[in-house]
Amino acid sequence: MTIKTGIEVSIALADAVKMCNPDVVAAYPITPQTHIVEHLAELVANGELDAEYVPVESEHSAMSACLGSAAAGARTFTATASQGLALMNEVVYVAAPMRLPIIMAVANRALSAPLSIWADHSDMMSVRDTGWIQIVVENGQQALDNTIIAFRVGEDQRVLLPVMVHLDGFNLTHVIEPIIFPTQEEVDKYLPKNRFPLPLNPDRPVAMGDFGPPAIFMETKWAQQVNLVNSKKVILQAWDEFDKAFGRKYMPVEKYHSDGAKVLLMTMGSSGETASVAIDEMRAAGLDVGQIRLRLWRPFPFEELREAVKDADVLIVIDRAMSFGGPAGPVASEVKSALYNQAKKPKVVSYIISLGGRDTTIDGYKDIVKKGMEIAAKGSRNEFEIYGVRE
Amino acid sequence: MEKYAIYVPRLVKKEENFAPGHRACIGCGEALAIRQAFKALDNNVIVVNATGCAEIFSSQLPLTSWQLPWIHTLFENTAAVASGIEAAYKAMRRKGAQLPENTKVVAIGGDGGTSDIGLQALSGALERGHDFTYICFDNEAYMNTGVQRSSSTPFGASTTTSPAGKNSIGQFSWKKNMPAIAAAHNIPYVATATHGYPFDLMAKVAKAVATKGPAYVHILSVCPTGWRSPTDTINRQSRLAVQTGVFPLFEVENGVYKMSVDMPVLRPVTDYLKGQGRFRHLTEDTIALIQQRVELEYRKILENVKHGSKAAKTQG
Numbered sequence: 001m002t003i004k005t006g007i008e009v010s011i012a013l014a015d016a017v018k019m020c021n022p023d024v025v026a027a028y029p030i031t032p033q034t035h036i037v038e039h040l041a042e043l044v045a046n047g048e049l050d051a052e053y054v055p056v057e058s059e060h061s062a063m064s065a066c067l068g069s070a071a072a073g074a075r076t077f078t079a080t081a082s083q084g085l086a087l088m089n090e091v092v093y094v095a096a097p098m099r100l101p102i103i104m105a106v107a108n109r110a111l112s113a114p115l116s117i118w119a120d121h122s123d124m125m126s127v128r129d130t131g132w133i134q135i136v137v138e139n140g141q142q143a144l145d146n147t148i149i150a151f152r153v154g155e156d157q158r159v160l161l162p163v164m165v166h167l168d169g170f171n172l173t174h175v176i177e178p179i180i181f182p183t184q185e186e187v188d189k190y191l192p193k194n195r196f197p198l199p200l201n202p203d204r205p206v207a208m209g210d211f212g213p214p215a216i217f218m219e220t221k222w223a224q225q226v227n228l229v230n231s232k233k234v235i236l237q238a239w240d241e242f243d244k245a246f247g248r249k250y251m252p253v254e255k256y257h258s259d260g261a262k263v264l265l266m267t268m269g270s271s272g273e274t275a276s277v278a279i280d281e282m283r284a285a286g287l288d289v290g291q292i293r294l295r296l297w298r299p300f301p302f303e304e305l306r307e308a309v310k311d312a313d314v315l316i317v318i319d320r321a322m323s324f325g326g327p328a329g330p331v332a333s334e335v336k337s338a339l340y341n342q343a344k345k346p347k348v349v350s351y352i353i354s355l356g357g358r359d360t361t362i363d364g365y366k367d368i369v370k371k372g373m374e375i376a377a378k379g380s381r382n383e384f385e386i387y388g389v390r391e
Numbered sequence: 001m002e003k004y005a006i007y008v009p010r011l012v013k014k015e016e017n018f019a020p021g022h023r024a025c026i027g028c029g030e031a032l033a034i035r036q037a038f039k040a041l042d043n044n045v046i047v048v049n050a051t052g053c054a055e056i057f058s059s060q061l062p063l064t065s066w067q068l069p070w071i072h073t074l075f076e077n078t079a080a081v082a083s084g085i086e087a088a089y090k091a092m093r094r095k096g097a098q099l100p101e102n103t104k105v106v107a108i109g110g111d112g113g114t115s116d117i118g119l120q121a122l123s124g125a126l127e128r129g130h131d132f133t134y135i136c137f138d139n140e141a142y143m144n145t146g147v148q149r150s151s152s153t154p155f156g157a158s159t160t161t162s163p164a165g166k167n168s169i170g171q172f173s174w175k176k177n178m179p180a181i182a183a184a185h186n187i188p189y190v191a192t193a194t195h196g197y198p199f200d201l202m203a204k205v206a207k208a209v210a211t212k213g214p215a216y217v218h219i220l221s222v223c224p225t226g227w228r229s230p231t232d233t234i235n236r237q238s239r240l241a242v243q244t245g246v247f248p249l250f251e252v253e254n255g256v257y258k259m260s261v262d263m264p265v266l267r268p269v270t271d272y273l274k275g276q277g278r279f280r281h282l283t284e285d286t287i288a289l290i291q292q293r294v295e296l297e298y299r300k301i302l303e304n305v306k307h308g309s310k311a312a313k314t315q316g
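Chains A and B, in that order, are what the protein sequence lines are. Take 1 as the starting number for the first sequence in my numbering and just add one per residue. Take 1 as the starting number for the second sequence in my numbering and just add one per residue.
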């Protein structure tokens, strides 16, 4: 029987990890992911989770210990945010081509300077090209569900890739939400045992992480690309079976009143829920506005995106990160690239909002839609717009 | 004694864990030391290798010199990766996974990966008490990238980033004392070794790996390329380092120091320095300074040994 509980999202996510029965959790504390690993430490300390909790001396070592653990064939979890992810970056790059299914929750937070502990997606963008599967969630339920899904996808023999589950710091990690918990039996049924094919084992010696001369390096990189792109099939299948088992459906590009809408607002992460309320109000006022939410950041869902926007005239893409001196927000840049060669495509307007935890209200989103439509009609001198900034 | 010298080599197993055919430079002391170290061990070992000479000369895709499960990831995270493997084995074994008995984790790195960039991860792993052995193969500079100084380069040595010149005597600082840093973590076993004393090296590595908890072995590995010394003199150089007191051989077992090869009289350091091009520029004054320092450090260890045997007596 499933139970709906009012619970802090970080705690729920840690409980989801517990239900996945990891062997090793290695972590270094950083706000706002701390509650996740604190709760896991507590579960291990109380004997509720049979795992090795490795309290390492830095995020670089957290990801390194996870790397060793996954290479030895153990189910492995960690969590980080912001500077922690930046410090891990070097090791994050290594995990994907070594095909090590490490699962990591990223409590998205702005990168310094100036120092900020609040949410935006600059940390997420700093690891965009590391080869990890990256799922972005919008609320606590999605965080819990996709943590379980991440283990299943990452450890699938057809995939064997590390997976990040991105959830916005504070906006999600520190709020209490009503969350439906699956039972342990249901999770066990959905998530098979980890069977890492060639772990470090003296009975069957393998060499991992050898050095690649120019004669072979490019082939390894192409293999990595093919592998990541092919993982989409498995992700879709895992989401599909999750729907069948638990009745909650996830898609790479989720639609909200978007079919046939002429103006679309595209969001990623927790801001999507506030935007949805704005969409409801605008539709009630007779505006032909819809919303799409990007759930899968890597591999990027080209087909689904093109299909979702094909009938729209204007697509306003919301970003929570800057690409300094660049053409647009990072998500908007990708969206523009994905649509550039399409015969029929909407005009894309890039909006940067809510950096370092700045709130964007329902009225704010309405304002963005209004201004976005004006820009689409008349153009703008800017490559992208930044919302609500005092100049 | 002569009979012993004939008998001991027969005890060494013929089987190699580190296969021939690797790409090390001619006369590489590190390759020799690695071969000796892993001869001392059975096959129930997982090797974690930091970036450096050993990793590069033993692992070019699609080949490998390792007959053991082996992993390399980065320069500075070797001890942390080893921590993860050790933790994984512990958890999986507890949960009933079918794993080989008594598997041990051995992390290896050069002096740069150990005393410079990897020191934090090593310190963390030693402090947390993982059951693993860390071996530093110390050739006293970043040899793999072209002989640049590390914090383990000895005072006065000329390297490409501490070159001797009109205003420079070469390396401007004294060699970082890694064995003392490891011992300061209060781990059960710390030792120094060098390939010129192969049986001592093998015994220490075997002991380190058999130790429950973290163990650290610091192995001086002569690098003829970087030391500017003839390739056929590596074992002579290695023994001279010990005989002059430049690199004393000792063990620290649960905090108790023990000399492995005691030199009643130290040979003058010039015997060691003169065979190496990296010290060619040194003046007599600088050599005198080095002589002074070597004697001081050697006496410190002797003091520790004396103190250790006293402590052992009172305990015993």
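A portion of the hints provided could be inaccurate.
Taking lysine-lysine and the DSS-like style, the derived pairs with C-alpha atoms no more than 30 Å apart in a straight line are [unchecked claim]: (1) A/Lys-189 with B/Lys-212; (2) A/Lys-193 with B/Lys-90; (3) A/Lys-336 with A/Lys-262.
To give an idea of the interface, some chain A residues facing chain B are shown, with a C-beta separation under 8 Å as derived from the structure [unchecked claim]: (4) Ala-65; (5) Leu-67; (6) Leu-87; (7) Pro-202; (8) Asp-243; (9) Phe-246.
Simulated from the structure, these hints should not be mistaken for lab results. Heads up, the beta-carbon is just placed ideally off N, CA and C, and yes, glycines get one too.
Could you tell me which of the numbered hints above are not met by this structure, giving the numbers in increasing order?
1, 6, 8 and 9
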